[in-house]
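The listed protein sequences correspond, in order, to chains C and L. So for the first sequence, the working numbering puts the first residue at 1; every next one is plus one. So for the second sequence, the working numbering puts the first residue at 345; every next one is plus one.
Calculated directly from the structure, the hints in this document are not laboratory data. Among the clues, some could well be false.
Said to hold, decoys possible - Taking lysine-lysine pairs in the DSBU-like style, the calculated list, with each CA pair at most 30 Å apart, reads:
(1) C:Lys265 / L:Lys479
(2) C:Lys265 / L:Lys477
(3) L:Lys433 / C:Lys252
(4) C:Lys250 / L:Lys433
(5) C:Lys167 / C:Lys97
Values in this document were obtained by computation on a predicted structure and should not be read as measured data.
Spelled out from the first residue to the last, the chains are:
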Amino acid sequence: MTEKIRILVIEDEALVADDMREMLNGIGYEVPGVADTGEGAIALADEQRPDLVLMDINLSGTMDGITAGGEIRSRWGIPVIYVTAFATQAIIDRAKKTTPSGYILKPFNERQIQTAIEIALYNAAIERQLRERDETIRALLNAVPDDLVLINSERKIIAINKSMAKKLGQMPEALVGKVIGDLHNSPELDEMLDRIIASPVTGRPTYFEEKWNNRWFETLVYPVADRTGTDMRIVIQSHDVTHRKQLEEKLKNEGISQIGQNMEKFQILNDQIRNPLQIIKGYLSLDKTKYSDAINKQVGIIDNLVTQLDMGWLESEKVQQFFLKHRPMFNKSLQEQQQENDLQ
Amino acid sequence: MSVILLIDDNDDLREIFTIFLSMAGHTIHSAPGGREGIEMLKTVRPDIILLDIMMPDMDGWETLCAIKKNPATRALAVSMCSGKLPDLKEINLYGKYIEDYLVKPQELSDLSTTLVSIMGCFTKSRAEVESLKNKIHDHHMIDEFYNAQKTLYILEKFSRSFISDSQEIESDIHRYKARIKEIHDSQGFPFLLKLLELQPAH
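Turn these sequences into a full structure, and let the hints steer you where they fit.
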């Protein structure tokens, strides 16, 4: 059995309140409490957390129904229907600002109040769903450690997560509606957006790497069509790849030193080849034969080949030196990052 | 004739070198490794040490350092003799400690002449340095001058072995030359120039 809808009745005229309770019970709702002042209404709503509040605007006591209704609505999101016998434009204007779920003029019949309540409950359910969906999206956005932004084809921010907002130095809410290019100066991103916005939605992401505050990011730009397929939206996701970059750099350096080691082996080999050459030459000059010159010539050829290998080694060393010489730029930024980390 | 200590791990090579240098009238002592060579220096005082580089256990550079660290052997002339070309780093590190760097294979009939030239140059340079030290108070400066000159000699000898446009070797050569000139100018003594002229023929 489903639980009954619980409705609070706030009414300072006891007889009217009693009539309303009977009417509501008759329809099938439950009335867990009745209050006759604004303060009492708030306390009762807090205690009961009903599904809906029927609020008389004119109450005894200092707080009127609109003030109490506004409080209940804003504090707990409970829908409020105002009930009154008369209303001036000023009262209606005040009531409007508290986003009421309905407004019923006395006297009313059972049919009218049931309709008002059902519409109010339906709207409240929709509103709750929307809120939950917003919260889900926000939770998802913020659960990702990457920086995420959703923009439209005018490059205005539709949604942004905390990580990205932090990078831009503002609260997420403050950034919605602003143009991404005004906040983040990235020629690569601008260029990529130019291209993506100008072409039809492919649904395929493109990415580039960029440096931001001494860290490396892989930024993914992902165009998505809206439901009608006419308006383009673009997801921009930035993933911190500094660690990977550092590893790559380390591997590269290890590779270079590996080359060096291999070349050193070459060098030793050359030395090993030249020793027998030296000995052959020695014996040849010691004991001249008619083939001495021919053999010496061949020794010379081998020696030349070995010399060319030597040259190759030296050239490789040059390449290696070149690589290593151009490392410091990166190494420096690593140090800077280290210092930053230390400071944190 | 001279006393030569040959340090090389290749037995055949030591034999053939010994044959040729003996034929030229030199007294040859040979050792199959750095450790044995250093041991031999306790009893033998060679005019020159011919030192191989790629040797197991104690290599030629280590042996060179041991010889140059020991006050008893520091003043001995050493020439490297290897099948391996020196690299820039090695020249900058050890150039000042060696009189020459010979690359195998050598024409053995010319080896004696080569060594005699190196020894002659070494003896004259030493005498020149000693006489300079009597004239110039700043001995450290003279040593630096002499060391720079020796390194420069090896650098220039192998500059063609490096790729011709190698900026590193060019800048090293330039650096040593500038330092030599600087010392020379600061001392204002023309006899330093004499030292510059003393180089083994190659």
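Compare the structure with the hints numbered earlier in the document and write down the numbers of the violated ones, lowest to highest. 1, 2, 5
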